[in-house]
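Chemist: Each chain, written out:
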Amino acid sequence: MKRRKRISRFVQNVLTYLVLLIFSFPLIWMVLSSFKTQVQIQSAEQMFWFKPTGRNYADVFGQYNFFKYMLNSLIVAIGSTLASLLLGLPAAYGIARYRLNSLGVTILIARIIPGISFLIPWYIIFSMLGLVDTYTALILSHMLVGLPFVIWVMIAYFESLPLEIEEAGAIDGCSKLGVFLRIVLPISGPGIITSSLMSVIFSWNHFMFSVILAAEKTKTLPIAVFNFLSYSEVNWGGLMAAATIITTPVLVIALIAQKFIIDGLSAGAVKG
Amino acid sequence: MTAWLDKRFKWVVTMPAVLFVLVMMAFPILYTVRLSFFEWSMSAAAPPKWTGLDNYAKLLSDTRFWHAVKATVWFSFGALILETVLGVAIALLLHRNFKGKESAKTIFLLPMVATPVAMGLVWVLIYEPTNGILNVMLQSIGLKPLNWLGSVNQVIPSLIVIDVWQWTPMISLIVMAGLTTLPQEPYESADVDGAAGWQKLFYITLPLLRPTILTAVMLRLIDVIKTFDIIYATTQGGPGTASETLNIYGYVLAFHYFQLGKASALLVLFFLLVLGLTLLMICARRSKEGDR
Chain F
165 MKRRKRISRF VQNVLTYLVL LIFSFPLIWM VLSSFKTQVQ IQSAEQMFWF KPTGRNYADV
225 FGQYNFFKYM LNSLIVAIGS TLASLLLGLP AAYGIARYRL NSLGVTILIA RIIPGISFLI
285 PWYIIFSMLG LVDTYTALIL SHMLVGLPFV IWVMIAYFES LPLEIEEAGA IDGCSKLGVF
345 LRIVLPISGP GIITSSLMSV IFSWNHFMFS VILAAEKTKT LPIAVFNFLS YSEVNWGGLM
405 AAATIITTPV LVIALIAQKF IIDGLSAGAV KG
Chain G
48 MTAWLDKRFK WVVTMPAVLF VLVMMAFPIL YTVRLSFFEW SMSAAAPPKW TGLDNYAKLL
108 SDTRFWHAVK ATVWFSFGAL ILETVLGVAI ALLLHRNFKG KESAKTIFLL PMVATPVAMG
168 LVWVLIYEPT NGILNVMLQS IGLKPLNWLG SVNQVIPSLI VIDVWQWTPM ISLIVMAGLT
228 TLPQEPYESA DVDGAAGWQK LFYITLPLLR PTILTAVMLR LIDVIKTFDI IYATTQGGPG
288 TASETLNIYG YVLAFHYFQL GKASALLVLF FLLVLGLTLL MICARRSKEG DR
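Chains as they are written, first to last, in the working numbering: chain F, 165 to 436; chain G, 48 to 339.
Think of the hints as simulated: they come from the structure by calculation, not from any bench. Treat the hints loosely; a few may be bogus.
[As the list claims (entries may be wrong)] SDA-like cross-link-like pairs, simulated, lysine to any residue; straight-line CA separation at most 25 Å: (1) G:191 - F:381; (2) G:105 - F:285; (3) F:232 - F:381; (4) G:57 - F:354; (5) F:423 - G:71; (6) F:169 - G:246; (7) F:166 - G:258; (8) G:146 - F:182; (9) F:166 - G:240; (10) G:146 - F:188; (11) G:57 - F:327; (12) G:57 - F:326; (13) G:57 - G:78; (14) G:57 - F:320; (15) G:152 - F:285; (16) F:166 - G:71; (17) G:148 - F:188; (18) G:152 - F:166; (19) G:148 - G:252; (20) G:146 - F:416; (21) G:148 - F:179; (22) F:169 - G:146; (23) G:57 - F:356; (24) G:117 - G:287; (25) G:54 - F:222; (26) F:381 - F:294.
Only a predicted model underlies this, so the values are computations on that prediction, with no experimental measurement involved.
Could you build all of it, start to finish, from the sequences and the hints given here?
Modeler: And the structure:
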């Protein structure tokens, strides 16, 4: 009986590590391929053993102008996150304290409706206003990604705060706005970090809105990576280097702030 | 001033977000609904032309539309079922105590946050028919290479694999969170009764996890049905229209063909489908809970 238990334990451990290997394989493969030449990528003999080259990275930054796209992505991700916090934090506080559930549900619709339903009208309106290919249009559209995260995560967070702290503030003569700004916000760090990280990551990754609303001037990284396909012969090494560059910041954030990311991803699941 | 603000506080704090919702969400949705009754190709010279329900009629007799419905259902449910089964199994595996448990959880998190477009392109390289690693491996064990994303029959299963890779971790994470909240007493009494491991799994763990699993499935369903990035990055609906789901067809209609009216009609129907399925799931969960 004991022996059987030990064998089953061993099998389960092997399975666990196998599962982890399979799930991390595409990322490993991406990084490996980004250090290969075109010839090495197409050679079955040099799958795992090859002489690494840094050429692809030099090309991506030199020839393909990736610094600019990176900056664009950063501006849009941070801009839309700040704007989402600015609108979302007070709104979430209002919804949590005054039980304005219908507003919370309305925000939920942003998650259910296919993104293109917004994209067609936006494209028409932004074209009329001359806002296509501007940061304004991209930041506004990416707020549709960030704002729901901020609002859901923060409603749950504000609801979990003890009311006594706020009542004490009110007795001390703080106005309601003062209570929110000086008492509630300073102790909301974890919630704000979680929602900001989610908003930044998912804006950074977002493809569909920018592919329509951005052109050469404000093109973000996902579109720059995708455009590798439009060259007549796909430069696989360069493409993998580009893919590595775009995913690395996100993966680093996920590794450092694992706890916050897990909280964010399962937000909404907890309350159901 | 302060008194004025205090009195209207709940409206003042929510107003900016409400305005955003009205301008950037409610208005576009209504505009899309309105546009679905018009014919327009976004040209300034030819203004939108009222055509009533014509777009809907055209869509419902369009074989490409019905093909997209089938592709959406096949892709979504294939992915959803695999992700649920694997997700729960992996959650149980990772919930045990083993060396490197915390780093394992972190590694497992990565597919979800990695940029989907970039990862779709990595999968294109993995699936590459002539020298991609999958076919090299198949050939090295004496099997015939497959065409994967390039084959009408294999493209949807190949895309399902990508989606399963990316999103199984989400189901696992939610189920793992659920596992930590399970009560200990049922297990203790099962031990007293001498229950085997698999009996505990099927008679205690899984039934207790049912609400958690249903929540995870519902969240996943809402997203999987709208999958865009990985399909557009890898096949753009091809080969031919073999992997063209509703979301991709809507995009193609709007931004490749500029048939805005027909695209809007498709989006309205698509939205009703997603909403209907979501409500169905919520009802299913409610009625299951009512049983007990």
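Chemist: Indicate, hint by hint, whether the structure satisfies it.
Modeler: Evaluation of the provided hints:
1. G:191 - F:381: Distance of about 46 Å is beyond 25 Å: violated.
2. G:105 - F:285: holds, 22 Å
3. F:232 - F:381: This hinted pair holds, its Cα atoms lying about 9 Å apart.
4. G:57 - F:354: It holds: about 24 Å lies between the C-alpha atoms, which stays within 25 Å.
5. F:423 - G:71: Roughly 32 Å separates the two Cα atoms, so the pair is violated.
6. F:169 - G:246: The hint holds at about 15 Å.
7. F:166 - G:258: violated, 34 Å
8. G:146 - F:182: This hinted pair holds, its Cα atoms lying about 14 Å apart.
9. F:166 - G:240: At roughly 19 Å apart (the allowed maximum being 25 Å), residue 240 (chain G) and residue 166 (chain F) satisfy the hint.
10. G:146 - F:188: holds, 18 Å
11. G:57 - F:327: Between residue 57 (chain G) and residue 327 (chain F) the Cα gap is close to 16 Å, so the pair holds against 25 Å.
12. G:57 - F:326: Distance of about 19 Å is within 25 Å: holds.
13. G:57 - G:78: Measuring from Cα to Cα gives roughly 29 Å; hence the hint is violated.
14. G:57 - F:320: Holds, at roughly 17 Å.
15. G:152 - F:285: Violated. Residue 152 (chain G) to residue 285 (chain F) sits at ~41 Å, over the 25 Å cutoff.
16. F:166 - G:71: The hint is violated at about 63 Å.
17. G:148 - F:188: holds, 15 Å
18. G:152 - F:166: violated, 29 Å
19. G:148 - G:252: holds, 20 Å
20. G:146 - F:416: holds, 22 Å
21. G:148 - F:179: holds, 13 Å
22. F:169 - G:146: With Cα atoms ~17 Å apart, residue 169 (chain F) and residue 146 (chain G) stay inside 25 Å; holds.
23. G:57 - F:356: holds, 20 Å
24. G:117 - G:287: Since the Cα atoms of residue 117 (chain G) and residue 287 (chain G) sit roughly 15 Å apart, the hinted pair holds (cutoff 25 Å).
25. G:54 - F:222: violated, 60 Å
26. F:381 - F:294: holds, 14 Å
Of the numbered hints given earlier, the model fails hints 1, 5, 7, 13, 15, 16, 18, 25; all others are met.
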